[in-house]
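Heads up, the sequence shown is in the working numbering, so the first residue is -7 and it goes up one at a time.
Simulated from the structure, these hints should not be mistaken for laboratory data. Even for Gly, the Cβ is constructed at its ideal location relative to N, Cα and C. Check the hints yourself; a few may be wrong.
[What the hints assert, rightly or not] Pairwise CB distance ranges, derived in the manner of DEER restraints:
1. Ser156 to Leu411: 45 to 53 Å
2. Asp216 to Val354: 28 to 36 Å
3. Ile333 to Thr154: 32 to 40 Å
4. Leu255 to Leu132: 25 to 33 Å
5. Ala336 to Thr413: 21 to 29 Å
6. Ala229 to Trp351: 29 to 37 Å
7. Pro166 to Ala229: 24 to 32 Å
8. Asp253 to Phe94: 41 to 49 Å
9. Ala355 to Lys243: 45 to 53 Å
10. Trp351 to Leu132: 29 to 37 Å
11. Val354 to Ala35: 29 to 37 Å
12. Ala355 to Leu411: 38 to 46 Å
13. Ala35 to Ala355: 33 to 41 Å
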Amino acid sequence: MVGFTADSRKWWILAATSGVLGLTVLDETIVGVALPTVRSDLAMGALASHWVVNAYLLTFTCFVALGGRLGDAIDRGRLFVFGALLFGLSSLACGFAPSGAFLIGARAIQGAGAAIIFPAAMSMITLAFKKEEHGVALGLQTNISALFMSLGPLVGGLLTDTLSWRWIFWVNLPVVIAVVAFVFLAWDKPPPERKPAGKRDHWGLPTLIVGLSLIVVALMQGADWGWLSGLTLLLFAAGIVLLAIFVMVEKRLETAFFHVDLLKIATFTGGNIVFFSFQFMKMVIFVFTPLYLQQVMKVSAIGSGAVLLFAILPTLLTSYGSGRVSDLYGSRAPLLITLVINGASVLLIALGVGLQSFWLIVAALIVWGASLPSFAVPARKALMNAVPEAERGQASGINLTIQMFGGTVGVALCGALLLETGQFWPVYLTTGALVFITALFVWQLVEKERSEVKIHTK
């Protein structure tokens, strides 16, 4: 395009995609701090306020596979711009929400926009940069996204206390406008790729979306409707049946959304269990901790955002070292050690919540945050190395869907626990127990990592 050299264009694309990717993860962490104020301002019940978080996560989970498939069918630049505009316009709508129901609906659309952005942004980087530059470019993109995520709680608290909670959504707009302009100017559309012919997957995505949605609705509403009520049991059963149909459909098609046979690889399955647990735990910390601090300990929104910085800043210090340790010692041993440390830190948060000990909670959050990169990096390395190179795009899509579903289930299940018990400590106790159970799966499934890599990459 005019005004851009071939070399400068790729850096503008990196800046643009990283900016919007940062917004998608920012919206995971920025909302939790503002949730008590949103709930009060819009006269929402506790259950409805949890839907403000989960509507975003659920549509993100369900539509990320579609976003990846659309990126294979049409120009990634156009798709990225569409996703960014959808995300930006829905953010504007969130800020003007006159009611809780309107906000939940706008958040669902925002999640769909994020699901389109995520795979498009990743693939745009691989097209804009040479193969030998992919590692550096994707690393920078990830670090910029992590920086956005780390700023989320503090920015959310600052905007909520000084302006209005509505600004946590409106703050997205200047970034989206700038990014769309950069992409229009800098994106150089590549020549179309020839796609292999095959029977189209018409039923996979609908059964996945409806199946996951029914299970999440049952989890979210079960405490209100009754866990053994006919409607709750019907939704659970229908969701499980639809997911079973999804698996059967995907196994029969060469052009399936997900190659579910990859889950037969033990290390790949173990790594996905780790990421389910990772996102479950992360959303519990970022949603329920500021809720506890503001409702029980009477900390301000800014104060609760500052407390969460103790959980986030250590990740920036330990992320590089976690990769080095994984390279030196493999994935299994670092993962097991980290899971024990991480699970223990979540149980310490449960103890701090039970005792209402502010400094015990802060100390536990520091340990939790410091161990977080060693949770994610070895698991990502193990599951990606366990599959053939030609299947890694599919593997990444499955991994991202399972990871995001973990966060959705975390908010749903722990929200139901909070409604049932009226106490916060069972939320953290359950989460810590899940981390230790995950360690048992890692012990069993990631044990044969080296042999699996040899077998499946031949």
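Violations among the numbered hints: 1, 6, 7, 12
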